[in-house]
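If you want the building blocks of each chain, they are given just below.
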Amino acid sequence: MRIFLMCLGLLLSMNVHAQAELSLDKFRSRLDGIEAFKANVKLETDIDFIQMPVKTAVMYYERNQPVKVESEDFVLVPKRGVDLLLSEIF
Amino acid sequence: MQGMTNAIIRAEWFKLFRQSRTWYALGALLLLQVVLLLNAWYQGGSILDMLLDNLKQSFHFQGELLNGHLLVYIVLNTMWFHLPLILMIVVSGMLTTEAETGTLRTVMMTGISKRRYIASKFRVAISFTALTVVLVALTSGSLSYLFFGTGDLFVFHGALNFFESPDAFFRLGMAFIAGIFSMVFFSVSSLLLAVIFRETVKTWIVAAFFLIVSNLLLQMQIGQGWTRKLFFANLNDTWQLFFEYHINWAEIGVSLLILTIYIAAIVVAGIWWFDKKDIA
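Residue numbers (this note's numbering), protein chains in the order written: chain R, 1 to 90; chain S, 91 to 370.
This is chain R alone, in the form it adopts within the complex:
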């Protein structure tokens, strides 16, 4: 009985893992399908020696191009962190 339960547990966990892999593959392929997008972003600065109100900006993503951030206000855009490629998430 104990061996049966262990085998059942193993089969279930393998199934869950396989399902997770499948979902991830689907998600990855959907991300790969994104050519470009535009998003409204809020930029909040949390640095001791800088006091700045929350800023709004528009972020433009285009495949294989650097991310662009545009704003009518003055904004500080970190050189590292924003320039992500969607394929780099996983």
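Calculated directly from the structure, the hints in this document are not laboratory data.
Hints are supplied without guarantee of correctness; some may be wrong.
[Unchecked claim] Pairs of lysine-lysine, DSBU-like flavour, derived with a Cα cap of 35 Å:
hint : chain 1 : residue 1 : chain 2 : residue 2
1    : R       : Lys42     : S       : Lys146
2    : R       : Lys79     : R       : Lys38
3    : R       : Lys68     : R       : Lys26
4    : S       : Lys146    : R       : Lys68
5    : R       : Lys79     : S       : Lys204
6    : S       : Lys367    : S       : Lys204
Go by the hints and put chain S onto chain R.
Here is chain S on its own, set in the frame of chain R:
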């Protein structure tokens, strides 16, 4: 009585604007602003680059910091030395010129009350000072916004503070209003010195010395707690408090109130001294 006082005040205004010294001073202030604007035009970008060099290594900057607000802020900084010096020269001249040319003795012979006469001079000096600061605010604002537009204001005050355009406009306006109190303090001080010394050059030298010492004492930030708040030299940078990220209205209000008490005390001392002293 009131009619007589008004007539003296009108005469003081007339005499003030009849003096070429007054127009030279106003012209110098306007020219100073043009020079500051030209300097900003040529060097502003590199100065900002130097100040923000470290930040630029980690961040991309989106937007223009060299704008009209920054220029008005630079003009505002003439309130440390240039503006009070020019005001002191003009205001002290309101009395010393009359004392040197003999006009003062002639006027006193007409039977005008000495107290009323000098009080009118103090009133005109205070109004002229306030008007000059407003003029500087208007001319610097119109020139700066016309040529450099608006944007966020960047100032270094304890931290790197960034203010959005409408907020920057409000803070600059309030700083000019607070600055009027400091400028009036120096103006009435110079008129008190004119009452004491009566000679133009001697008064200018002492007034300039007083201004320099006040600035040095301000840098030293003498005193602790309440004594620090009460010391006159420490009150003359009250306008700077509008560039702290969170405006401390209570502190600004107390500082301006104490400054007003100092101004009133100087005016009373000036009237008393003039009344006591014989007109030679």
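Comparing the hints with the structure gives:
1. R:Lys42 - S:Lys146: holds (20 Å)
2. R:Lys79 - R:Lys38: holds (19 Å)
3. R:Lys68 - R:Lys26: Judged against 35 Å, a Cα distance of about 27 Å means the pair holds.
4. S:Lys146 - R:Lys68: With Cα atoms ~17 Å apart, S:Lys146 and R:Lys68 stay inside 35 Å; holds.
5. R:Lys79 - S:Lys204: violated (70 Å)
6. S:Lys367 - S:Lys204: holds (10 Å)
When each numbered hint is compared with the structure, a violation occurs for hint 5 only.
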